[in-house]
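Chemist: Sequence:
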Amino acid sequence: MTTLTYDKSDLKIPPPTGWPEITPESCVYIKSDYAVEVIHLPYFVNKSTTQFHYRSKLLDLRAWTPEDFKRHHEIHDCYEFWSSEDVQDHSDVVCIAEGYGTASRVLWLLVKDCEIIEHINKADMMSKVKVEDFFSNLRDWYENLKLIPGKGRVTIEAEKVPEREQRITEDEVNSQTERWGTDLDIQYVRQIYRDHGWPHSFNFEAASRAVNTWLEPLGLDSEGPRGFAWQRVDFDL
4 MTTLTYDKSD
14 LKIPPPTGWP
24 EITPESCVYI
34 KSDYAVEVIH
44 LPYFVNKSTT
54 QFHYRSKLLD
64 LRAWTPEDFK
74 RHHEIHDCYE
84 FWSSEDVQDH
94 SDVVCIAEGY
104 GTASRVLWLL
114 VKDCEIIEHI
124 NKADMMSKVK
134 VEDFFSNLRD
144 WYENLKLIPG
154 KGRVTIEAEK
164 VPEREQRITE
174 DEVNSQTERW
184 GTDLDIQYVR
194 QIYRDHGWPH
204 SFNFEAASRA
214 VNTWLEPLGL
224 DSEGPRGFAW
234 QRVDFDL
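Residue numbers (the numbering used here): 4 to 240.
Some hints could be false.
Taking lysine-lysine pairs in the DSS-like style, the calculated list, with each CA pair at most 25 angstroms apart, reads [what the hints assert, rightly or not]: (1) Lys149 to Lys11; (2) Lys131 to Lys154; (3) Lys163 to Lys149; (4) Lys154 to Lys115; (5) Lys133 to Lys115; (6) Lys133 to Lys154; (7) Lys125 to Lys149; (8) Lys163 to Lys15; (9) Lys73 to Lys125; (10) Lys11 to Lys73; (11) Lys154 to Lys11; (12) Lys133 to Lys149.
Taking CB as the label site, the calculated pair distances span [to be verified]: (13) Arg142 to Gly21: 20 to 30 angstroms; (14) Asn206 to Ile16: 17 to 27 angstroms; (15) Met128 to Ala209: 32 to 42 angstroms; (16) Asp89 to Asp136: 31 to 41 angstroms; (17) Gln169 to Glu208: 24 to 34 angstroms; (18) His75 to Ala106: 46 to 56 angstroms; (19) Arg142 to Ala106: 45 to 55 angstroms; (20) Ser178 to Ile33: 50 to 60 angstroms.
Calculated directly from the structure, the hints in this document are not laboratory data.
This one's a predicted model, so the numbers in the text were calculated from it and none came from an experiment.
We put the beta carbon where it would ideally sit given N, CA and C, even for glycine.
Starting from the given sequences, assemble the full structure and let the hints guide the process.
Modeler: The following block contains the structure:
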């Protein structure tokens with residue numbers, strides 16, 4: 004993610020002994036000792052400006068209080084988590100990304116079997132996937148812009164949007180009468196990103212300015228040529 008949209012300076016590496024604020028006691032003893040060890044992972048500083056998946060944000064468990072762990076456990080205590088081997092005890096399951104809103108993505112890490120379950124909020128849980136396979140697939144989705152991040156905007160799911168070979172002009176995309184979210188809209192965003200070096204030499208700031216100039220020429224939250232278009236993230240999340 005740091006090679007695409009996340010700022011490398013926001014990646015925080017734990018000290019050799021792990022994060023001192025994460026202990027069995029701080030987790031109110033609802034996580035196994037091994038799960039607590041796993042929680043001693045690097046973290047990104049939690050910002051709402053960049054999302055991890057569709058309506059999904061990475062959790063920074065360093066910032067959680069014992070009350071946060073307890074409340075999260077009580078909310079999800081009715082869930083059942085199956086790895087490829089067996090049903091998992093909740094003490095061996097760690098939430099690494101939280102979703103907000105319908106069809107948002109919640110990611111659960113099954114620490115004993117090194118698998119991830121992707122939960123589509125208010126819909127269904129998807130099959131478990133090996134951790135390395137999940138992140139390899141996620142990288143491919145981003146690199147091919149099947150998932151499109153936006154600075155301060157909700158990540159777009161574009162798996163079903165085909166690629167377009169011909170160059171798109173701004174007049175062409177703005178002349179549409181359909182509401183924002185057409186294939187042409189998404190293809191134009193892809194074009195802007197690739198014009199700015201996506202994926203391997205991407206200038207996120209410049210690409211974001213180009214998107215903002217197109218969609219909100221009169222300034223933040225103004226109605227542009229595509230109406231009130233690409234939804235912004237609630238900065239209070």
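Chemist: Confirm or reject each hint.
Modeler: Okay, the hints, checked on the actual structure:
1. Lys149 to Lys11: Roughly 23 angstroms between the alpha carbons, so the hint for Lys149 and Lys11 holds.
2. Lys131 to Lys154: Roughly 29 angstroms separates the two Cα atoms, so the pair is violated.
3. Lys163 to Lys149: Given that 25 angstroms is the threshold and the Cα spacing comes to 8 angstroms, the pair holds.
4. Lys154 to Lys115: 35 angstroms, violated
5. Lys133 to Lys115: 11 angstroms, holds
6. Lys133 to Lys154: Status violated; Cα separation ~29 angstroms.
7. Lys125 to Lys149: 22 angstroms, holds
8. Lys163 to Lys15: At roughly 35 angstroms apart (the allowed maximum being 25 angstroms), Lys15 and Lys163 break the hint.
9. Lys73 to Lys125: 22 angstroms, holds
10. Lys11 to Lys73: 31 angstroms, violated
11. Lys154 to Lys11: Measuring from Cα to Cα gives roughly 15 angstroms; hence the hint holds.
12. Lys133 to Lys149: It holds: about 21 angstroms lies between the C-alpha atoms, which stays within 25 angstroms.
13. Arg142 to Gly21: 20 to 30 angstroms: 26 angstroms, holds
14. Asn206 to Ile16: 17 to 27 angstroms: The hint (17 to 27 angstroms, Cβ to Cβ) holds, given that Asn206 and Ile16 are roughly 25 angstroms apart.
15. Met128 to Ala209: 32 to 42 angstroms: Since Met128 and Ala209 have Cβ atoms about 38 angstroms apart, the given range 32 to 42 angstroms holds.
16. Asp89 to Asp136: 31 to 41 angstroms: 19 angstroms, violated
17. Gln169 to Glu208: 24 to 34 angstroms: The hint (24 to 34 angstroms, Cβ to Cβ) holds, given that Gln169 and Glu208 are roughly 28 angstroms apart.
18. His75 to Ala106: 46 to 56 angstroms: Since His75 and Ala106 have Cβ atoms about 20 angstroms apart, the given range 46 to 56 angstroms is violated.
19. Arg142 to Ala106: 45 to 55 angstroms: 22 angstroms, violated
20. Ser178 to Ile33: 50 to 60 angstroms: 56 angstroms, holds
When each numbered hint is compared with the structure, violations occur for hints 2, 4, 6, 8, 10, 16, 18 and 19.
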